[in-house]
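Student: With the working numbering applied, the sequence shown corresponds to residues 1 to 124, in that order.
A hint or two may mislead.
Straight-line alpha carbon distances no greater than 25 Å define the calculated BS3-like cross-link-like pairs of lysine-lysine that follow [what the hints assert, rightly or not]: (1) 57 / 89; (2) 69 / 57; (3) 13 / 23; (4) 58 / 23.
Here are the computed distance ranges between Cβ atoms for each label pair [said to hold, decoys possible]: (5) 90 / 57: 21 to 27 Å; (6) 22 / 90: 25 to 31 Å; (7) 74 / 106: 16 to 22 Å; (8) 101 / 22: 47 to 53 Å; (9) 13 / 91: 47 to 53 Å; (10) 21 / 59: 16 to 22 Å; (11) 6 / 53: 19 to 25 Å; (12) 22 / 85: 18 to 24 Å; (13) 86 / 55: 24 to 30 Å; (14) 105 / 16: 45 to 51 Å; (15) 75 / 33: 47 to 53 Å.
Note that these hints are calculated values from the structure, not bench results.
Note that the Cβ used here is the ideal one computed from N, Cα and C, for glycine as well.
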Amino acid sequence: MTLSIEKREMIIKLHQEGFSHSKKAELIGCSLSTIKNIIRNYALNDSLEPKKPPGRKKVLEDRIERVIKNLLLNGTCHTLGQVRRYLSKNYNVLVSINTIRRSLQRQGITLEGLKFQKYAILFL
């Protein structure tokens with residue numbers, strides 16, 4: 001849960017006035033651990049800004065991830081190399097094959113599943 005800057009300022013003000021952590025949590029409407037984390041981070045960094053989210057930023061926009069999925073499911077492209085070239089030519093997006101593979105994994109698509117799906121469609 002991310003608290004607004006105003007609520008964070010209120011927590012620090014209540015802390016400076018001597019309120020207990022549990023009373024601050026009750027007044028603000030958040031957990032005790034949130035109160036403790038905000039006070040600790042303020043003491044360390046002298047800032048009320050929330051920490052940036054962990055992990056690496058996504059390279060691909062959601063729209064491009066949908067394009068990748070559709071290229072393979074519709075049969076426009078049959079290999080990841082073809083998808084890479086298509087994105088470069090039509091969308092001016094330069095990505096590695098591993099990035100395309102990770103995008104498919106995030107969408108719950110495996111290359112083995114794609115092969116089976118195309119095989120099943122041929123024999124229906």
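Student: Are the Cα atoms of residue 57 and residue 89 separated by 25 Å or less?
Tutor: Distance ~24 Å between residue 57 and residue 89 Cα, so the pair holds.
Student: Does the beta carbon distance between residue 101 and residue 22 stay inside 47 to 53 Å, or does it fall outside?
Tutor: holds, 48 Å
Student: Evaluate the given range 47 to 53 Å for the C-beta pair formed by residue 75 and residue 33.
Tutor: holds, 51 Å
Student: Taking 19 to 25 Å as the stated bounds, is the beta-carbon spacing between residue 6 and residue 53 within them?
Tutor: holds, 21 Å
Student: Is 16 to 22 Å a correct range for the gap between the Cβ atoms of residue 21 and residue 59?
Tutor: Because 41 Å falls outside the window, the suggested range is violated.
Student: Determine whether the Cβ-Cβ distance between residue 86 and residue 55 falls within the hinted range of 24 to 30 Å.
Tutor: Distance hint for residue 86, residue 55 holds at roughly 28 Å.
Student: So the hint says 18 to 24 Å: do the beta-carbon atoms of residue 22 and residue 85 match that?
Tutor: violated, 60 Å
Student: Holds or violated: 47 to 53 Å for the Cβ distance of residue 13 and residue 91?
Tutor: holds, 49 Å
Student: Does residue 58 pair with residue 23 here, judged by a C-alpha cut-off of 25 Å?
Tutor: violated, 39 Å
Student: Just to be sure I understand the hint, the distance between the Cβ atoms of residue 22 and residue 90 should be within 25 to 31 Å; is that true here?
Tutor: For residue 22 and residue 90 the Cβ distance comes to about 58 Å; the hint is violated.
Student: Take the C-alpha atoms of residue 13 and residue 23, compute the straight-line distance between them, and say whether it is at most 25 Å.
Tutor: Distance ~13 Å between residue 13 and residue 23 Cα, so the pair holds.
Student: Quick one: are residue 74 and residue 106 within 16 to 22 Å, going by C-beta?
Tutor: holds, 19 Å
In the structure shown, a violation is registered for the earlier hints numbered 4, 6, 10 and 12, in ascending order.
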